[in-house]
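Make a model of the complete structure from these sequences and hints.
According to our numbering, the sequence shown is numbered sequentially starting from 1.
By construction, these hints were calculated from the structure, which means they are not laboratory data.
Where a beta carbon is used, it is the ideal one built from N, C-alpha and C, also for glycine.
Do not rely on the hints blindly, as some may be mistaken.
Stated by the list, open to error - Pair by pair, the computed Cβ-Cβ distance ranges are:
(1) LEU185 / HIS31: 49 to 55 Å
(2) LYS186 / MET2: 17 to 23 Å
(3) MET2 / ASN104: 31 to 37 Å
(4) SER131 / GLU183: 14 to 20 Å
(5) ARG33 / MET105: 16 to 22 Å
(6) VAL52 / ALA145: 21 to 27 Å
(7) LYS28 / LEU3: 35 to 41 Å
(8) LYS186 / ILE112: 34 to 40 Å
(9) LEU185 / LEU3: 16 to 22 Å
(10) MET1 / HIS31: 35 to 41 Å
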Amino acid sequence: MMLSIVIIAFALSLDAFAVSVTNGICIKRLHIRHALRVALSFGIFQAVMPMVGWLAGFGVKSFMDGVDHWIAFGLLTAIGIKMIWESRRLDTEKVCPPDPELGNMQLFMLSIATSIDALAVGLTLPLLSVSIFMPALIIGGITFAVCLFGVYAGNRLGHILESKIEIVGGLILIGIGLKILLEHLKIWS
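As structure tokens, this is what we get:
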């Protein structure tokens, strides 16, 4: 289960990574302060949102015991498809603003937007009888590291990887959802 959590954490971090790369592309004179601020914001939100989802999911667990695997599969697959769909729009919508360093409100809104998927994944964790604290720390820590790297990678490498990262993240989440379903149906153990 821990390997699945780490894989989910990497997959969830990829949309925040894409935003971090874009921000790194736009900033010509990057400072560590900016990269740490972006990574910390995304990491905190990615850690908190699964806890919120977990609390909501825990409240309805008893009602969903017979269909929990289908719900986890459906949510993870829907999130994965959404990530793949959104990857098609990244190149056409990308325009660097005049002041590329994110303001507090911009960073707050982007942190929420990129962590909605983590909230949905948090909904599935009680269905799998998983405690939330370690997964939340792993998701937040991995997101922090991935985004810190993303700001610098974007600043150095430009547009090479960005839209492909969202596709990879989407496929990973679909694969995890399929694995949960197949394990429950005793097709894969």
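Outcome of the hint check:
1. LEU185 / HIS31: 49 to 55 Å: 51 Å, holds
2. LYS186 / MET2: 17 to 23 Å: Given range 17 to 23 Å: holds, Cβ gap about 22 Å.
3. MET2 / ASN104: 31 to 37 Å: 35 Å, holds
4. SER131 / GLU183: 14 to 20 Å: 19 Å, holds
5. ARG33 / MET105: 16 to 22 Å: Given range 16 to 22 Å: holds, Cβ gap about 18 Å.
6. VAL52 / ALA145: 21 to 27 Å: 22 Å, holds
7. LYS28 / LEU3: 35 to 41 Å: Holds, since LYS28 and LEU3 (Cβ atoms, about 39 Å apart) stay within the stated range.
8. LYS186 / ILE112: 34 to 40 Å: 39 Å, holds
9. LEU185 / LEU3: 16 to 22 Å: The hint (16 to 22 Å, Cβ to Cβ) holds, given that LEU185 and LEU3 are roughly 20 Å apart.
10. MET1 / HIS31: 35 to 41 Å: Check passed, 39 Å falls within 35 to 41 Å.
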